[in-house]
Each structure stands twice: as C-alpha cells, then as structure tokens.
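Q: Residue numbers (our numbering), protein chains in the order written: chain X, 87 to 539; chain H, 87 to 539.
Rather than coming from a laboratory, the hints here were simulated on the basis of the structure. One or more of the hints may lead you astray.
Pairs count within a copy or across copies, as identical chains cannot be separated in the list.
Unchecked claim - In silico DSBU-like links for lysine-lysine, alpha-carbon gap of 30 Å or less:
(1) 250 - 279
(2) 250 - 207
(3) 279 - 243
(4) 111 - 279
(5) 279 - 143
(6) 111 - 501
(7) 501 - 248
(8) 248 - 504
(9) 250 - 143
(10) 105 - 248
(11) 248 - 369
(12) 369 - 501
(13) 279 - 248
There are 2 protein chains.
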Amino acid sequence: MAVNLKTLQDELTLLYEAKDYKALKAVLEELDAIDIADFLDELPWESFAVIFRLLPKELGHEVFIHLDTEAQEHLLNALEDPQVGELIASLYNDDLADILDELPADMVKRILRNTSSNRRKEINILLQYPEDSAGSIMTTEYMHLEQDLTIEEAFQKLRRTKAKLETIYSCYVTDRRNVLIGVITVRDIFASKADALVSDVMEEAVVSVNTHDDQEEVANLFTRYDFLAMPVTDRENRLVGIITVDDAMDVIKEEAVEDMQKMAAVMPSEEDYLTRSPFSHAKSRILWLMVLMFSGYINAFILTGFEEAFLLMPALVGYIPMLTGTGGNAGLQSSATIIRALTLEEISFRDWGRALWKEIRIGLVLGLMLGAVNCVRVYFMDGRNFPLALTVSVALLFIACSAKILGCSLPMLAKKFKLDPAVMAGPLINTLLDAITLLIYFGVSYLIIFSRM
Amino acid sequence: MAVNLKTLQDELTLLYEAKDYKALKAVLEELDAIDIADFLDELPWESFAVIFRLLPKELGHEVFIHLDTEAQEHLLNALEDPQVGELIASLYNDDLADILDELPADMVKRILRNTSSNRRKEINILLQYPEDSAGSIMTTEYMHLEQDLTIEEAFQKLRRTKAKLETIYSCYVTDRRNVLIGVITVRDIFASKADALVSDVMEEAVVSVNTHDDQEEVANLFTRYDFLAMPVTDRENRLVGIITVDDAMDVIKEEAVEDMQKMAAVMPSEEDYLTRSPFSHAKSRILWLMVLMFSGYINAFILTGFEEAFLLMPALVGYIPMLTGTGGNAGLQSSATIIRALTLEEISFRDWGRALWKEIRIGLVLGLMLGAVNCVRVYFMDGRNFPLALTVSVALLFIACSAKILGCSLPMLAKKFKLDPAVMAGPLINTLLDAITLLIYFGVSYLIIFSRM
Numbered sequence: 087m088a089v090n091l092k093t094l095q096d097e098l099t100l101l102y103e104a105k106d107y108k109a110l111k112a113v114l115e116e117l118d119a120i121d122i123a124d125f126l127d128e129l130p131w132e133s134f135a136v137i138f139r140l141l142p143k144e145l146g147h148e149v150f151i152h153l154d155t156e157a158q159e160h161l162l163n164a165l166e167d168p169q170v171g172e173l174i175a176s177l178y179n180d181d182l183a184d185i186l187d188e189l190p191a192d193m194v195k196r197i198l199r200n201t202s203s204n205r206r207k208e209i210n211i212l213l214q215y216p217e218d219s220a221g222s223i224m225t226t227e228y229m230h231l232e233q234d235l236t237i238e239e240a241f242q243k244l245r246r247t248k249a250k251l252e253t254i255y256s257c258y259v260t261d262r263r264n265v266l267i268g269v270i271t272v273r274d275i276f277a278s279k280a281d282a283l284v285s286d287v288m289e290e291a292v293v294s295v296n297t298h299d300d301q302e303e304v305a306n307l308f309t310r311y312d313f314l315a316m317p318v319t320d321r322e323n324r325l326v327g328i329i330t331v332d333d334a335m336d337v338i339k340e341e342a343v344e345d346m347q348k349m350a351a352v353m354p355s356e357e358d359y360l361t362r363s364p365f366s367h368a369k370s371r372i373l374w375l376m377v378l379m380f381s382g383y384i385n386a387f388i389l390t391g392f393e394e395a396f397l398l399m400p401a402l403v404g405y406i407p408m409l410t411g412t413g414g415n416a417g418l419q420s421s422a423t424i425i426r427a428l429t430l431e432e433i434s435f436r437d438w439g440r441a442l443w444k445e446i447r448i449g450l451v452l453g454l455m456l457g458a459v460n461c462v463r464v465y466f467m468d469g470r471n472f473p474l475a476l477t478v479s480v481a482l483l484f485i486a487c488s489a490k491i492l493g494c495s496l497p498m499l500a501k502k503f504k505l506d507p508a509v510m511a512g513p514l515i516n517t518l519l520d521a522i523t524l525l526i527y528f529g530v531s532y533l534i535i536f537s538r539m
Numbered sequence: 087m088a089v090n091l092k093t094l095q096d097e098l099t100l101l102y103e104a105k106d107y108k109a110l111k112a113v114l115e116e117l118d119a120i121d122i123a124d125f126l127d128e129l130p131w132e133s134f135a136v137i138f139r140l141l142p143k144e145l146g147h148e149v150f151i152h153l154d155t156e157a158q159e160h161l162l163n164a165l166e167d168p169q170v171g172e173l174i175a176s177l178y179n180d181d182l183a184d185i186l187d188e189l190p191a192d193m194v195k196r197i198l199r200n201t202s203s204n205r206r207k208e209i210n211i212l213l214q215y216p217e218d219s220a221g222s223i224m225t226t227e228y229m230h231l232e233q234d235l236t237i238e239e240a241f242q243k244l245r246r247t248k249a250k251l252e253t254i255y256s257c258y259v260t261d262r263r264n265v266l267i268g269v270i271t272v273r274d275i276f277a278s279k280a281d282a283l284v285s286d287v288m289e290e291a292v293v294s295v296n297t298h299d300d301q302e303e304v305a306n307l308f309t310r311y312d313f314l315a316m317p318v319t320d321r322e323n324r325l326v327g328i329i330t331v332d333d334a335m336d337v338i339k340e341e342a343v344e345d346m347q348k349m350a351a352v353m354p355s356e357e358d359y360l361t362r363s364p365f366s367h368a369k370s371r372i373l374w375l376m377v378l379m380f381s382g383y384i385n386a387f388i389l390t391g392f393e394e395a396f397l398l399m400p401a402l403v404g405y406i407p408m409l410t411g412t413g414g415n416a417g418l419q420s421s422a423t424i425i426r427a428l429t430l431e432e433i434s435f436r437d438w439g440r441a442l443w444k445e446i447r448i449g450l451v452l453g454l455m456l457g458a459v460n461c462v463r464v465y466f467m468d469g470r471n472f473p474l475a476l477t478v479s480v481a482l483l484f485i486a487c488s489a490k491i492l493g494c495s496l497p498m499l500a501k502k503f504k505l506d507p508a509v510m511a512g513p514l515i516n517t518l519l520d521a522i523t524l525l526i527y528f529g530v531s532y533l534i535i536f537s538r539m
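Extracted from the complex, chain X is given alone in its bound form (with noise of 0.2 Å):
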C-alpha cells in the first residue's frame, strides 16, 4: 500500500506543477482526505487554498480535520467568512473542539463568531472537559430513539435523518430526563420484525462510561468487548455524547507508544514531536536523568567501599561495565514482559507468586548460561586466573536472578498500588539493579579471591 502511496503523491505533485487543475481535480476527487491531506503537506501554504476550491465540498471539509495545526491555520486565513462558517458548520463537535484547542486565540475568535450560539455552548462544554478523560474524546452528536417507536417508524427515523453524526449503527434510548435506558444497534433493527417496540428489542444492559472516567480504561472496555460506540454518561447517569471506535483506536495508539516512553525515562507529551520546541523536550526528560543520575551516585558511594580491591586486583574493574550492563538488560526484559502480561490482561497481581517462579526458574537458565559462557572466557583471556574467572561466573548467576525477581515483582507492584508500571519498570529497576549487581560483585569476589588472599 504505502509503495502505491508514494506514487500517487508524486504524480498529483506534477499534476499541481504543471498547473493541470482539471486533471488534479480528476484524481483528487477519487481519493480519500486523508490521502490529499497528506499530499497538502508536501506543497506550500500559498497552494492550500487553491486546491481546497477545487475539491468537492464535503471532501475538502474532510481533508481539512485531518491537516496538522500550521496548515489549518493557514488554510483558515485564506478562507472568506462564510466559507469558513460552510466549514466549521460540516464538523463533528469533537473534532471542532479538538481544533479549537490547538488555534491560536485570534483564529479562535473567528470562528466562534462563525459558529451558533447553541453550538458555541456545546463546544465549551467538550473543552472543559479534562485531558485524557472519556469527555475529551467523544462526540456530542449521536442517534436517537424513542423507546415506544416501532421498529418501522426507527427505520423511517435512520433514513429521514440528515443530522451530521458519526455513526447511526447504534442508537440510543433515554428517558424523559435523558437518563440511557438501553442501546438498539441497527442489526437489532434489521433482524427484528416491522412491529415490534423498539423498547421490546434494545439491549437495557447498557455499559457505559463517565464523563471523567480515564480515556485508556474506556480504551480498553473497547477492545474487552469489541464495540463500535460506547455512550458517555455525566454523574447523573443522563446520555451526554458518545464514543466511536476510531477514536478509542487512536486511544490504544497513543497509550502503548506512552507506556514506551515512560519506561525510557521519559515523561509522556501529546505535542507533535517536530513543532514542540528543545526545551520543552528537555524538560520532560530532565527530571528522570537527575533523579537516576542521583541514584548513580550511590553507585560511586558503593564502588569507592572497595577502592581497595581494585588496587589488590585491578581486573576486577574492567568487568564491572558488562555486569551492570548484563543486569540491567535481564531486568528490562523481565519487566517489559510483565507489562506486556499486564496489558494483554494475561496476567494480574494475584499470579504474583507465579510469575515469581517463572522469572527465578529463568534466571537461573540464563545465570548458568551466561556464567559457564564467561567462565570460560575470562579464563582464557584474562591470564588463566581462575578465582577471577569463578568470581565473573558466580555473580553472573546471582546478578540474573537478582534482575529477574525486580523485574517481575516491581511492575506488579506498582499495578497494585496503583502506580504506573511502566514509570516503576523502566527507569527505577535499571538503577537498582546497578547497586545490586556492584554489592553481588564486590561480596563474591570477597568470598573468593580476598578471603583466600
């Protein structure tokens, strides 16, 4: 697909260079708006506006959610009022929303002033919604059935209707005080017979989430029971909007690349990576290098304890890299895969002392793996001397172990309390393992070579 992709943008590039609006129009109006989206950004901003007039109304509405902010911008400028009121007019509330917050006041300001006064309420209400919350992504716009409608006159409602909603496959039935009593899907209506209620066929089992109930736990309830709508209720459980599956998708998306970042020490951003500036990168990343930086230190605390030792052996130093370095992966990988259980709900914390033996059994695997591997080698290379050789070998075994046990144990315990597992698994365990890994270092090679010496 992507090979097809690339073609086609370059042929509407020469197409648009050589000026041909008849023949670009042609193809533009065969393709989808997030594909000329796509070939608006490749051009300058002078161009937007001439292609935008040659596309089809609704398509150009539709190209126009999916530019990035600048281009909107931009657009928007080139725009004469009524066409911009034409425009904001086609969106869907959520995505209307979704741009005001990025536009700057002025644009902002425009817009409102384009825009009904009933409409202009709605939208402040999605605004004030908080990041991240159920009310940030949905969508105000949604069917609507009267419970003691026959299926008949429903299907005479699904056709008439001309209101702009993102999806009509699930409708929704309230009370008097708009409170959800049930969700009919259009297979109900299908399957069930002209005369029957549509109170008699809904489903009145209706999962729903809260206005301020988390964006991922909705994520998830999408994929745990495969909807394609989930409706959105405030605290007094009346229907205030509703959820599509594209969004919750974009959810998931966004989450897992998150859970990534917060195990590379990284405070998560929803800011697009090329237009946010270094230093508010830097300050997402600053306070998790200090804190671990920190944590270093007690490291060169541990290592200065046997400042002794390497003079006695100095070849002691040079394995100090690979171990902190072997604990370290071991550990990730433990706990990267304990998070991948958590989140494919594989496992939960009451596996604990399961997971537990699993991970001691593997280390163990790997501990004498890796162990008779460098036995073997430092043997050879490091002046056949053997207590160094044992020393590598028996702290390999102990170290593998050590990062197992933390690497399962701190994701579940974080997913316990409450705490982020990513954030526990990530940063936290690369750093304890150092100081663990140096103390099992340093106490073999006392037991060893020092005792003996």
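With chain X's structure known, arrange chain H on it following the hints.
A: Only chain H this time, still in chain X's reference frame:
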C-alpha cells in the same frame, strides 16, 4: 468500571457456591460473554459444564470464544458430540481457525468430525496463511450484494439474511469472477433513494489488502482511514474475506507491546505468559543477553587500556556507573521518543536532519544542566578536586549530545533500511553508548587532568 466487575465476580461466586442456580442464571443472562468467561476463569474445571448449560445457547457459544485454550479443552471434553457440533457451527471461521490452531490434535480431530466438509475446506485455507498476515486475522464470512440490485432490494436482502456474519455494515460487490468492484455501507443504503442501483451508490475506489500483507500494516490502514471493516483479496484481486475493526484493534495493542519488548531486548512471542515454560522464555531472552554481554567486553577492553589512569587517580573509577547510566538513559529517551513519533507518523526519514538538529539542542540543554549540577557536587563531595569535577561535567555534556545523536539516528536509519527500529533502538544503543561514554570520559580526563600532570 473495574470495581463493578470485581463486585460482580464476587456476587456470582457466592451464588455459585450457594448452588442457587436459578438466581445465577438470571444474573448471567444479563452479562456480556467476556465477563462470564472471566468468572469461569476463577472456578474449577468441573463447574464449567454446569454453568455452560445454564446459559442461553447463543451466549454460551460466545463465552466459549473468550475462554483460554485450556478451559476450552476441558469444556469440549465435558460436552456431547451434538453439543460440540452446535457450538462449532455457531463460531465465525476466523475464531474457529484460531481455536483449532491452539488445541491438541485429538481435540481438533473431534471438532473436524463435527464440521461439514465445505467448512473444513474454508478453515483449512485460513489455517494456511502465515502468522501475522492479513489472511490469518480475516474471516471468510461477509455480506455480499449484487451490483444490479436496487437499494430497496438490498434492504430486503439485509433484513432477510440469516447468515452468521461478523458485520453487515459494510457490504461487498464483486463481478462474476468474484473480483472486488465496490463497497457499499448500510449508511449509504439508508441515505439513498429506494430505486437507485447498488452499482450507482457503491464506492468503487476500495482500499483493500492482500492476504499476505503484514497485519501491522493492515491495522495502520484502519487507524488511517477509520474503517469498520476492510476487504482482503488474493493475488488475482478476488475477494476472499474481510477484516473487522475489533481484530485490527487487537493487532494494534499486540504490536505496540511487541515494540516495547523488542526495545527491552526480548524476542517477542505470542504465547501466553503463564502457560509458557521457563526454557521457552529463556530462549527468547538469551540471544540478546549474550550479544550485549560480549559487547560489554569491548568496554572491558577499553577500561583495561586506562588501568594506569585508575592507579594515578582511583576516584575516577567511581563516576563510571553514573556516566554510563546517564548516557544510556539519555539515549534511550531519544530513541523511545523517535520511535513514538515514527509510529504515530509525526516524522519520517526525510525529517532526519530536523530531528537530529532538535536532539542536538536537547542534548546541549540537558548536558549543560547535568554538567553544572555535577560540577558543584563532585567538587564539594570529592575533596575539592576541581580538575576531577570539571572532567565529569565536560564529559557529561559530550555524553548527553552523543546519546541524543545516536538515539535519534539509529531508529530512523533502521526504518529507512527496513530493519526493526525497536530492536535497533533499545539494546544496541545502550551498548554502543557504554563504549562511547567511556571513550569520552577518558578522553576528557586526559585533556584536563593527565596532560597537566
């Protein structure tokens, strides 16, 4: 939501233990299949058949899909052949293929004995697609509409259809040789005039994938175009099945945690964490641990080259773990951030220059901050040794910049050359950075300390 589910599980367990099957049945009937499956997971095997028989047939069959392989096996053993036949008949082909893939051979035989020969053929084809391919996650059941039907006739067909289909919202139109020529959604059907033809209304520019396309690319198309379903064709462009959004969502979740594992130097596996043996776990971890360990020896080699320096100023040794730790962390931060931006398509290879310039500036900011803090700290904590303090600080500045350069470039180069950015980024960077950190540290210490001795 999670709290409610927990309370529910407790309530069900109480009813089950009190053998109040009537009340249990009433509660279960209101639940979603996945919640019942979770409840069964807590119970001993013997109780499976008891509870399964309490459930309405259709719900029972859905519950079966959500059980893990071991539980499915036990349940199948407890059922008679006709019940097994009914259960199997109710499953979608893709679910059945997944289940057969996991079950032991004798159980597979028993199931195939209870399946029609036509269906056996379909399932066999599904089972032959490579793991991670579009074919392996598609289902062969979809809604087919003839192009010369009127919209009204399409309606009637949709209402009459008793076929077991995962979705009816996207209907597919093919020519006589079964080549895909269009797609029409139920929404299009609702919005069209009753006497229009399907061929007039259908979308002819259909985005489709090939059976052998990678499932991750397919999932990315879902997020790109906000599809609910996507057609899968063979090499001759004939329609062979469809992929639904719920399966695409699972792929996104799996692939994202897979990236995290790769960054953590674990070779990913799709097996369930707890059922996998320690040896199998060890196998996916040992290779990278060995590779990384041997590269640790490069550092040992570098360190031995500086043994003399340690003897002259042993305090130098104490800062090694902090410096390699900080270098590794800084590099990992960049690579995780870059991989995030690549995954969310915020950047591509052509932005390498811009990203590099940004990371260098971030490295300068971070390096100056870390260096300043350390200069003060080392000076006052380590015997007011100013050359040592200066060495550590200046080294940190260079280390931070190198880490950012490498952390930014490696994943982007990997992407460019179709290697796996996550593998390149995680384990490799850390190891390379250890060596670079040591070289920088000793280079700087030579310039500042030893050249003046």
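Q: Give a verdict on every hint.
A: Outcome of the hint check:
no.	hint	result
1	250 - 279	both (28 Å within a copy, 18 Å between copies)
2	250 - 207	within (18 Å within a copy, 44 Å between copies)
3	279 - 243	both (16 Å within a copy, 14 Å between copies)
4	111 - 279	between (46 Å within a copy, 27 Å between copies)
5	279 - 143	between (39 Å within a copy, 22 Å between copies)
6	111 - 501	neither (54 Å within a copy, 33 Å between copies)
7	501 - 248	neither (47 Å within a copy, 45 Å between copies)
8	248 - 504	neither (45 Å within a copy, 46 Å between copies)
9	250 - 143	within (15 Å within a copy, 39 Å between copies)
10	105 - 248	neither (37 Å within a copy, 53 Å between copies)
11	248 - 369	neither (48 Å within a copy, 58 Å between copies)
12	369 - 501	both (26 Å within a copy, 27 Å between copies)
13	279 - 248	both (25 Å within a copy, 14 Å between copies)
Hint violations for this structure: numbers 6, 7, 8, 10 and 11, all remaining hints satisfied.
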